[in-house]
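Protein chains: 2
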Amino acid sequence: MLKVKTPKEVMEIIKSEFFPLENCEYVPLEEALGRVLSKDIKAEEFVPNFDRSTVDGWAVRACDSFGCSEAVPAELKIAGEVKMGEKPHFELKEGCCAQIPTGGALPQGADCVQMLEYSESYGDGSVGILKAAAPGQNLIRRGDDVYPGKRVLEKGRVLRPQDIGALAAMGVVSVPVAKRLKIGVISTGDELVTADKKPNYGEIRDVNGYAISALLREFGAEVIYYGIIKDSEELLLRWAEKALKDCDGLIISGGSSVGQKDGAEKVISAVGELLFHGIAVKPGKPTIMGKAGGKPVFGLPGHPAAAFLMTKLFVLPLLSVLMGRKDKEYCVSAVLSENISANHGRAEILSVRLKKEGSGMIAEPVRGKSGLISVLSSSDGYIIIERDREGLPAGSEVQVYLN
Amino acid sequence: MLKVKTPKEVMEIIKSEFFPLENCEYVPLEEALGRVLSKDIKAEEFVPNFDRSTVDGWAVRACDSFGCSEAVPAELKIAGEVKMGEKPHFELKEGCCAQIPTGGALPQGADCVQMLEYSESYGDGSVGILKAAAPGQNLIRRGDDVYPGKRVLEKGRVLRPQDIGALAAMGVVSVPVAKRLKIGVISTGDELVTADKKPNYGEIRDVNGYAISALLREFGAEVIYYGIIKDSEELLLRWAEKALKDCDGLIISGGSSVGQKDGAEKVISAVGELLFHGIAVKPGKPTIMGKAGGKPVFGLPGHPAAAFLMTKLFVLPLLSVLMGRKDKEYCVSAVLSENISANHGRAEILSVRLKKEGSGMIAEPVRGKSGLISVLSSSDGYIIIERDREGLPAGSEVQVYLN
Chain A
1 MLKVKTPKEV MEIIKSEFFP LENCEYVPLE EALGRVLSKD IKAEEFVPNF
51 DRSTVDGWAV RACDSFGCSE AVPAELKIAG EVKMGEKPHF ELKEGCCAQI
101 PTGGALPQGA DCVQMLEYSE SYGDGSVGIL KAAAPGQNLI RRGDDVYPGK
151 RVLEKGRVLR PQDIGALAAM GVVSVPVAKR LKIGVISTGD ELVTADKKPN
201 YGEIRDVNGY AISALLREFG AEVIYYGIIK DSEELLLRWA EKALKDCDGL
251 IISGGSSVGQ KDGAEKVISA VGELLFHGIA VKPGKPTIMG KAGGKPVFGL
301 PGHPAAAFLM TKLFVLPLLS VLMGRKDKEY CVSAVLSENI SANHGRAEIL
351 SVRLKKEGSG MIAEPVRGKS GLISVLSSSD GYIIIERDRE GLPAGSEVQV
401 YLN
Chain B
1 MLKVKTPKEV MEIIKSEFFP LENCEYVPLE EALGRVLSKD IKAEEFVPNF
51 DRSTVDGWAV RACDSFGCSE AVPAELKIAG EVKMGEKPHF ELKEGCCAQI
101 PTGGALPQGA DCVQMLEYSE SYGDGSVGIL KAAAPGQNLI RRGDDVYPGK
151 RVLEKGRVLR PQDIGALAAM GVVSVPVAKR LKIGVISTGD ELVTADKKPN
201 YGEIRDVNGY AISALLREFG AEVIYYGIIK DSEELLLRWA EKALKDCDGL
251 IISGGSSVGQ KDGAEKVISA VGELLFHGIA VKPGKPTIMG KAGGKPVFGL
301 PGHPAAAFLM TKLFVLPLLS VLMGRKDKEY CVSAVLSENI SANHGRAEIL
351 SVRLKKEGSG MIAEPVRGKS GLISVLSSSD GYIIIERDRE GLPAGSEVQV
401 YLN
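So the sequences go chain by chain: A and B. Once you know that position 395 of the first sequence is 395 in this note's numbering, the rest is easy, because the numbers rise by one and skip nothing. Once you know that position 8 of the second sequence is 8 in this note's numbering, the rest is easy, because the numbers rise by one and skip nothing.
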């Protein structure tokens, strides 16, 4: 029998046994998308570095426009025209204005911009302003976006397109990011063949090697797939040792039960330290975690859905710790379509399909034996039913983790 | 003045003017993650192709176990042992059983498996079964996962890791996917400099070239960034023509207003057909859509947040049409932290930060002039306030689109 840990205990073990690797590298801005920022980014300049018009119009001194109206326009002398990308070489005196395009630099003396729509041209070198403008109106001030010392992006953030934009604005063209983790994946089982082979009776194609590798790649890791190793402790040990030399972590899929041929636990104990064997969760109970030279080693159930979900729930959070990655995780709220009974004593992970209904979402449990890859593939996400719940009635509001 | 379309009208134009390109290519399974499936995938085989035990135990004929208990075990003769990955070369006769590992093939004659835990060994070639088993118990039946003709994955799906697993299970190692779209990006504006330059007074760094390219890449497109083109209709036209030769679509950032130097509309009209100029949305109003030789051409506002949001709201959905991509979009429900006033006459896009509170989420509007890239970068998503709403009171439930 396995002495199981609760999911919460597993997360505590992950946080107490593993630490950020703090191995940073610099990548060009164009390649930084999806990488994990390894240093806080503070601005060193003002963005923009000048007061900027947000409209096409007239740069004016606000006080010159006070009290004007369509009936009684403020007549201002045109002192010049602001050119895009250039510093205006004139100063705005009392009673004067200057034409300014969207994005143009406000001339000295001016303190706001009035839109073209609220002006009339007199054709004699002067214009009438038809509506009063307030100081600061239609302007982005110097430093409104960022200013020196402002922390714009926080260490640990996974860089999104808008963050790439913010880095561009600040001129950060070489970006400090956590090095990509290199994770080894080994599938083990005498019954396994690669996806390109036609299985004989009694054989099945390896699913986990492909699905878990894809999950890790999607998460930003580099994956070395060592292929299918036969159920032999000696062979498995040799490959695990090799993988741990090459990689920052290792996942062994299959052989994680306590059966005769389930060598993962022994191999993990042989290469390092066994942290636990068994998690109180369904599917996924026979999951092993170990540590070898500070590197994580997982033994996952051969069962594809279990291996997949254990990777999502525990392997990726561990890799987050190693990379110093700070993710915000969001769930989609939905209403359960039917009653669900759950097992006592273990948290249960239930695959669901999401459907729009009115302004909300309905979560429909996906039928079929849990653990089939087709069940996982036809679902949009999963809900977690805590171990102390006997189940959930139809109509319950549930939080769906997206697949 | 722009004659604006509503967002709904824009979506209708996208759907009526553009069509799937139907240009498919085959990629190796290992490279199919995130690609758009271009054909339905139907199974051609049974997976698994045999009845498979889900536990370590004894393959039995259920009827031989009926009525047994711990007090009165069913004593069965051991007829053999099932080896992983092999077809059992014996048939189970009445009163017999066979040892079977998790994943082993059920021998002929047996119709279920009883767990090892519910048996006792007599050491004389027979075992006692301590609990009755029902036919089918602890089995995955042949074809339970997939069977010939079953549509497992639908055309248009963006392939997730679990879909890669399902393809592996079916032996699909060469995957039909929509070709990657190649999208050209041109930034225009005399005030722009590249991110590696220090802007002079009146200049700013190009943000859109980087942020929009990243957004398109994240969406799976290949991007050719043509750099910054000066505000010259002639130059812009020449580069737009070149880009449309190279690419499946073009985005021109900047020059989309109706100002003197805003040449995007003229250039789009010159290379093809102008579909509309102006969307009733804030920010993002001066957005242009055109079509040149069936290819989409967008003119986006230079304003970074507007350009970014218009790309999310309209460019990516259009690219989805071209790729035959069917996305499910999910929102996160949250409660608005404060009163929001909105403009009449235009839908408003409001950036928000999400915070956990209790079991729900709070959406906090991100302060700062809308449209600054730092506002976008410090937000987690956005809400859309429809044009017919004057605003939203604090405590409203809102749907947040994640950034």
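It cannot be assumed that every hint is accurate.
One copy or two, it doesn't matter: identical chains are merged, so the pair holds either way.
To be verified - In silico DSS-like links for lysine-lysine, alpha-carbon gap of 30 Å or less:
#1 155 x 93
#2 291 x 326
#3 242 x 150
#4 328 x 312
#5 312 x 155
Read the hints as simulated data drawn from the structure, not as lab findings. Keep in mind it's a predicted model, so treat the numbers as computed, not measured.
Exercise. Which numbered conditions among the earlier hints are violated in the structure presented, ordered from lowest to highest?
Worked result: Hints 1, 3 not satisfied by this model.
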